[in-house]
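*Asks:* Its first residue numbered 1055, the sequence shown is counted upward by one per residue in the working numbering.
Just so you know, these hints were derived from the structure itself, not from any lab.
Please read these numbers as outputs of a predicted model, since none were measured by experiment.
Misleading hints may appear alongside valid ones.
[Unchecked claim] Here are the simulated DSS-like cross-link-like pairs (lysine-lysine), alpha carbons at most 25 Å apart as the crow flies:
(1) 1177 / 1094
(2) 1125 / 1112
(3) 1112 / 1065
(4) 1177 / 1125
(5) 1125 / 1173
(6) 1159 / 1125
(7) 1224 / 1177
(8) 1224 / 1173
(9) 1094 / 1159
(10) 1065 / 1159
(11) 1177 / 1112
(12) 1177 / 1159
(13) 1112 / 1094
(14) 1094 / 1116
(15) 1173 / 1159
(16) 1159 / 1112
(17) 1125 / 1224
(18) 1125 / 1094
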Amino acid sequence: GILKADDSLEKIIPLLSASGIGQRNIMAIYHFYGDEAYAKIIANPYRLIEDIYGIGFKTADKIGQQIGIAKDDERRIYAYLIALVNNLTMQRGDSYVLYDDLAYKFRVQSHLNNSLFTKIISKIVFNNALIAEENRLYPCLQYEAEKGISQILQTFPKEKLASCNDELLKNEINHLEKDLNIKYDEIQ
């Protein structure tokens, strides 16, 4: 047992270090996967993104490139698309990405074909790694948050509020936008 464990740890250290992963994360990875760490990482380095806090697509992709995973490998595209949806929603402050926007971004950034995109997005949605609703794709956490908020709002009593001065409201929104350094669009 001890020899095997040390063997697995000795194998992952150079692999992970070369990809810029620090000692603390290497130990976290080793503790998470145990003796199978090396085999699991070699089988799919992109699993680290979901399994280990603090490891993102770029880091996992460095490992992937190191072990010779092709740019159009399904494991890589799968992780890339989830990361892309997460990044786009964060950048835009939205809770979802439109399917066509994502397909376009993917095509432009990856130079890969649409059939690969369609096939892998279907897999991602089937596995509930992203939530699809009509033509929108949500990161799981965002979707849960949206659903939670809408359920809370539905429980509010539907009472008529006193009408409000539009000018006052606009001023209040302008102050909020300045304070928070954000800009609301018309819909919001």
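*Asks:* Hint by hint, note whether the structure agrees.
*Replies:* These are the hints, each one checked on the structure:
A distance of roughly 21 Å separates the Cα atoms of residue 1177 and residue 1094; the hinted pair therefore holds under the 25 Å criterion. With a CA separation close to 13 Å, the supplied pair residue 1125 and residue 1112 stays within the 25 Å bound. Between the alpha carbons of residue 1112 and residue 1065 the distance comes to roughly 21 Å, so the proposed pair stays at or under 25 Å and holds. For the suggested pair residue 1177 and residue 1125, the alpha carbons sit about 18 Å apart, so the restraint of at most 25 Å is met.
Taking the CA atoms of residue 1125 and residue 1173, the gap is about 16 Å. The hint holds against a cut of 25 Å. Taking the CA atoms of residue 1159 and residue 1125, the gap is near 16 Å; set against the 25 Å cutoff, the hint holds. A threshold of 25 Å between alpha carbons decides the hint, and for residue 1224 with residue 1177 the separation of about 45 Å lies outside it, so the pair is violated. Taking the CA atoms of residue 1224 and residue 1173, the gap is about 46 Å. The hint is violated against a cut of 25 Å.
Restraint check: the Cα-Cα separation between residue 1094 and residue 1159 comes to about 30 Å, which exceeds 25 Å; the hinted pair is violated. With a C-alpha separation of about 37 Å, the suggested pairing of residue 1065 with residue 1159 is violated against the 25 Å cut-off. Distance restraint check for residue 1177 and residue 1112: the Cα-Cα separation of roughly 21 Å lies within the 25 Å cut-off, and the hinted pair is therefore satisfied. For the given pair, residue 1177 sits about 19 Å from residue 1159 by alpha-carbon distance, which is consistent with the 25 Å threshold.
Note on residue 1112 and residue 1094: the hinted pairing holds, with a Cα-Cα distance of about 18 Å set against a maximum of 25 Å. Only pairs whose Cα atoms come within 25 Å are accepted, and residue 1094 paired with residue 1116 is accepted, the gap being roughly 16 Å. Distance check on the hinted pair: residue 1173 and residue 1159 sit about 16 Å apart at the alpha-carbon level, within 25 Å; holds. Distance hint between residue 1159 and residue 1112 is fulfilled; the C-alpha atoms sit about 17 Å from each other, no more than 25 Å.
The suggested pairing of residue 1125 with residue 1224 is violated, with an alpha-carbon distance near 49 Å, which exceeds 25 Å. Using a Cα cut-off of 25 Å, the hinted pair residue 1125 and residue 1094 holds, with the two alpha carbons roughly 20 Å apart.
Of the numbered hints listed earlier, those contradicted by the structure are 7, 8, 9, 10 and 17.
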